[in-house]
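Student: Sequence:
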Amino acid sequence: MKKYILIGLCIVLSGLCGNKACASYTFSGSEANGMPVDTILNRVILYAPFYEKIVGEYTADLYIKAKADIKKKNLILRFVPFMFDTDKGVRQYIMESHSELHYTAPNIYDQKVKACSGTVKKYKGVNADILDFFHVNVYSSDLLNKKLLSPLQNDARKYYTYSIDSILYDANNVHYKISFVPKWPSYQLVEGYFIVTDKVWSVREMLFTGRSEYRLFTNHIEMGKIGDDDEFLPVACKVDTRFRFLGNVVVTNYNAALHYKDIKYQQIQHQLGKQKKMYDLTESYTLQCDTNSFFTDKNYFQKMRPLSLNANEEKIYNDYDVRKYSLQNKLSFKNNKWSFFGNAGDALISNYYIDMSNLGMVKCSPILNPFLLSYSATDGLSYKQEFKYNRYLKGDRLLRIVPKVGYNFKRKELYWSANTDFDYWPAKKAAVHLQVGNGNRIYSSDVLDELKDIPDSIFNFNKVELNYFRDLYAAFNHSLEVFNGFTLNLGVSAHRRTAVNPAAFAPIDSLHPGGDSKIKSKYKSFAPRIRLEWTPGQYYYMNGKRKVNLHSDYPSVSLDWERGVKGVLGSTGKYERWEFDVQHQRSLGLMKSVYWRLGGGMFTEQEELYFVDFVNFSKNNLPVGWNDDIGGVFQLLDRRWYNSSNKYVRANFTYEAPFLVLPHIVRYTRNVLNERLYFGALLVPHLMPYLELGYGIGTHIFDLGVFVSNVNGRFSQIGCKFTFELFNR
3 MKKYILIGLC IVLSGLCGNK ACASYTFSGS EANGMPVDTI LNRVILYAPF
53 YEKIVGEYTA DLYIKAKADI KKKNLILRFV PFMFDTDKGV RQYIMESHSE
103 LHYTAPNIYD QKVKACSGTV KKYKGVNADI LDFFHVNVYS SDLLNKKLLS
153 PLQNDARKYY TYSIDSILYD ANNVHYKISF VPKWPSYQLV EGYFIVTDKV
203 WSVREMLFTG RSEYRLFTNH IEMGKIGDDD EFLPVACKVD TRFRFLGNVV
253 VTNYNAALHY KDIKYQQIQH QLGKQKKMYD LTESYTLQCD TNSFFTDKNY
303 FQKMRPLSLN ANEEKIYNDY DVRKYSLQNK LSFKNNKWSF FGNAGDALIS
353 NYYIDMSNLG MVKCSPILNP FLLSYSATDG LSYKQEFKYN RYLKGDRLLR
403 IVPKVGYNFK RKELYWSANT DFDYWPAKKA AVHLQVGNGN RIYSSDVLDE
453 LKDIPDSIFN FNKVELNYFR DLYAAFNHSL EVFNGFTLNL GVSAHRRTAV
503 NPAAFAPIDS LHPGGDSKIK SKYKSFAPRI RLEWTPGQYY YMNGKRKVNL
553 HSDYPSVSLD WERGVKGVLG STGKYERWEF DVQHQRSLGL MKSVYWRLGG
603 GMFTEQEELY FVDFVNFSKN NLPVGWNDDI GGVFQLLDRR WYNSSNKYVR
653 ANFTYEAPFL VLPHIVRYTR NVLNERLYFG ALLVPHLMPY LELGYGIGTH
703 IFDLGVFVSN VNGRFSQIGC KFTFELFNR
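Be aware that the sequence shown starts at 3, since it is given in my numbering, and climbs by one per residue.
Hint data in this document are derived by calculation from the structure and do not stem from the laboratory.
Here a beta-carbon is modelled for each residue, glycine too, at the ideal position from N, C-alpha and C.
Misleading hints may appear alongside valid ones.
Computed Cβ-Cβ distance ranges for the label pairs, DEER-style [as the list claims (entries may be wrong)]: (1) Pro538 / Gln94: 47 to 55 Å; (2) Asp242 / Ala313: 15 to 23 Å; (3) Lys227 / Asp299: 42 to 50 Å; (4) Lys227 / Asn551: 34 to 42 Å; (5) Tyr426 / Tyr385: 30 to 38 Å; (6) Lys524 / Asn486: 41 to 49 Å; (7) Asn421 / Phe84: 25 to 33 Å.
Below, computed lysine-lysine pairings styled on DSS-like, alpha-carbon distance capped at 30 Å [said to hold, decoys possible]: (8) Lys116 / Lys412; (9) Lys149 / Lys594; (10) Lys116 / Lys547; (11) Lys568 / Lys621; (12) Lys547 / Lys576; (13) Lys124 / Lys390; (14) Lys326 / Lys149; (15) Lys412 / Lys126; (16) Lys390 / Lys621; (17) Lys148 / Lys160; (18) Lys396 / Lys326; (19) Lys326 / Lys73; (20) Lys386 / Lys526; (21) Lys124 / Lys201; (22) Lys526 / Lys396; (23) Lys148 / Lys90; (24) Lys412 / Lys124; (25) Lys412 / Lys524; (26) Lys621 / Lys406; (27) Lys266 / Lys547; (28) Lys412 / Lys431; (29) Lys73 / Lys179; (30) Lys240 / Lys123.
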């Protein structure tokens with residue numbers, strides 16, 4: 003195996019370097035002695051891209067033992083969604099899990115939990131964000147699933163300072179301990195050391211400390227021995243975390259051991275461009291092992307535990323057994339009664355899941371949760387609550403019901419919606435969808451005639467009398483993926499719009515008791531709808547019988563058509579709506595990404611009264627998270643503009659990266675995770691054009707953006723958007 007690796011290494015280095023300087027490198031122990039740190043770093047970075055990709059696939063047993071120690075706690079700890087339920091007076095807990103881990107290059111991990119045990123109620127394994135600490139490729143350009151910049155990536159010298167701590171010798175090799183520290187404080191950068199061995203220049207161990215969102219952490223990784231099949235893979239990992247939040251302090255120590263059962267090395271390909279792309283990544287995402295048996299008995303771990311328990315951990319288990327036995331003997335009606343009120347209180351301040359056996363599962367965020375609030379310059383303060391009901395049926399079919407309710411304090415309006423989806427043929431993403439709710443307040447197209455006659459130079463919405471209507475809508479449609487990446491949606495939508503101020507329409511309605519007047523206080527519409535969506539080169543994998551779409555290297559294109567039909571179910575008018583949209587979000591590597599969107603729409607068949615209500619150019623009436631509408635909306639645009647024209651053209655662009663502007667101006671910007679630049683342009687009558695520029699920052703607690711707008715070549719206004727993002731990333 004070693005011989006194969008070295009042959010492959012020579013091939014790759016020859017292909018990557020392609021120059022005499024690189025080809026003439028010789029790495030002997032004598033030459034390595036006394037090397038400056040830059041020379042060592044150059045050689046480590048030279049080999050890193052190869053070592054990152056050398057392992058193509060593996061299957062491993064992953065054992066994790068965790069000990070949690072609650073140093074300080076208060077009521078706010080219940081807000082934390084990843085925290086387990088704690089017992090009164092109990093500070094220390096232990097948890098164990100055994101998983102089958104399957105990896106496929108470049109960065110696909112599939113993990114199936116086979117056994118769990120511990121002193122925590124309903125423990126089902128470590129949280130997904132903690133698993134990132136055990137899914138580390140030390141040679142990658144980023145760490146923890148693109149959250150941190152690795153000190154081994156190509157231009158790491160921009161961000162880190164390196165020094166040689168010590169040089170270690172054995173019979174055959176020289177080992178260098180290289181420490182690294184960030185050039186400025188940042189949560190994207192880490193501090194620590196790595197030990198590399200001369201001749202092969204592979205990493206023997208690595209330790210890095212930093213902060214990932216709401217945790218301080220130290221991660222110590224030990225690699226396999228030189229010459230073994232697992233030389234380039236971690237065999238042991240120790241993670242120490244410290245969570246601090248509003249007076250709560252929780253320290254957790256994780257110890258993990260990996261045992262590899264099958265390692266497949268990549269074969270070097272010289273003609274990758276001639277290979278046919280395979281968009282089905284099922285083999286990479288699916289663990290080929292029997293995971294039907296799930297064990298919760300701690301006796302299971304006594305037989306297979308690779309890391310023995312120490313005296314303190316044994317005591318935690320014994321104390322738990324005593325508490326459990328004592329509790330079973332003290333159960334009474336009184337205790338059950340107060341337990342009910344305790345559970346009701348949890349619903350107010352904690353994330354909770356209700357598993358109703360064969361009836362499905364309900365998920366809800368805390369009702370009294372300040373992190374459900376958002377603020378923007380145009381909409382003011384908003385609050386949203388969301389419930390999710392899921393039920394999996396035979397054949398991987400899924401029934402999903404998502405009710406939402408929200409309130410806008412500035413406009414004093416209550417919004418609600420309920421979306422139901424039934425995926426009846428998951429392999430073809432075939433589903434039926436039903437949506438009901440109340441939409442934005444809107445005005446009819448007769449207002450457009452008045453707006454057309456107002457010159458751009460004196461146009462002012464506040465001087466226009468708008469007759470607003472409430473909107474109650476229902477939509478039913480069917481979606482089917484005809485072929486990979488191409489989806490056909492067929493459906494109908496219906497609206498019932500009633501005047502906000504019916505008294506203003508009463509005289510008109512009385513003159514036309516038969517409903518023949520163009521201007522009424524109530525309107526109904528019924529419209530068939532067709533939507534075509536195409537994403538070329540769509541990567542996906544099959545989870546059982548369910549198709550799960552991943553990403554694509556190409557933009558997504560959609561065409562949306564709707565035709566209002568008069569007379570059906572009391573429909574009072576006809577119209578035709580066309581919309582075209584293309585958008586793409588692409589990673590540029592090293593935690594950088596770009597998002598762009600172009601689109602346009604128009605209403606035709608305008609002889610009769612209708613309501614301008616576009617799908618792709620609309621304002622969300624319920625607050626959404628930052629990433630839900632990133633770059634796709636105009637933050638400062640008055641919501642009345644969304645219904646002020648029967649046609650529009652729009653463009654949006656967003657660039658996101660760490661260390662973009664702020665670190666060059668303010669030295670200490672540790673809390674800033676990323677920075678964003680925004681640009682938006684809109685063409686509608688009276689806005690020729692509307693331009694919006696913005697700059698935003700993201701932290702592990704909140705996101706903040708500042709925006710400035712320009713209307714018809716003149717400065718308009720400046721404003722901001724603020725959303726809580728804690729625990730939502």
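Student: Sort out whether lysine 412 lies within 30 Å of lysine 116, counting only the CA atoms.
Tutor: violated (51 Å)
Student: Decide if the proposed pair is consistent with the structure: lysine 266 and lysine 547, CA atoms, cutoff 30 Å inclusive.
Tutor: holds (27 Å)
Student: Would the hint linking lysine 116 and lysine 547 be met if the CA-CA limit is 30 Å?
Tutor: holds (22 Å)
Student: Under the criterion that the straight-line Cα-Cα distance not exceed 30 Å, is the pair lysine 412, lysine 431 satisfied?
Tutor: Violated: lysine 412 and lysine 431 sit about 40 Å apart, past 30 Å.
Student: Is the Cα-Cα distance between lysine 326 and lysine 149 30 Å or less?
Tutor: The given pair, whose Cα atoms are some 40 Å apart, is violated under the 30 Å limit.
Student: Starting from the range 41 to 49 Å, see whether the pair lysine 524 and asparagine 486 falls in it by beta-carbon distance.
Tutor: holds (45 Å)
Student: Just to be careful, I want the Cα atoms of lysine 124 and lysine 201 compared with a cutoff of 30 Å; is the pair within it?
Tutor: This hinted pair is violated, its Cα atoms lying about 49 Å apart.
Student: Given the hinted pair lysine 526 and lysine 396, is their alpha-carbon gap at most 30 Å?
Tutor: Between lysine 526 and lysine 396 the Cα gap is close to 39 Å, so the pair fails against 30 Å, i.e. violated.
Student: Between the beta carbons of aspartate 242 and alanine 313, is the distance compatible with 15 to 23 Å?
Tutor: Given a distance of about 19 Å, which is inside 15 to 23 Å, the answer is holds.
Student: Is it true that the CA of lysine 621 sits at most 30 Å from the CA of lysine 406?
Tutor: Given pair lysine 621, lysine 406 holds - Cα atoms ~16 Å apart, limit 30 Å.
Student: Within 25 to 33 Å: is that where the Cβ-Cβ distance between asparagine 421 and phenylalanine 84 falls?
Tutor: Roughly 26 Å apart at Cβ, these two residues keep to the hinted range, so it holds.
Student: Given the hinted pair lysine 412 and lysine 126, is their alpha-carbon gap at most 30 Å?
Tutor: violated (43 Å)
Checked against the numbered hints given earlier, the structure breaks hints 3, 8, 12, 14, 15, 18, 21, 22, 23, 24, 28, 29 and satisfies all the rest.
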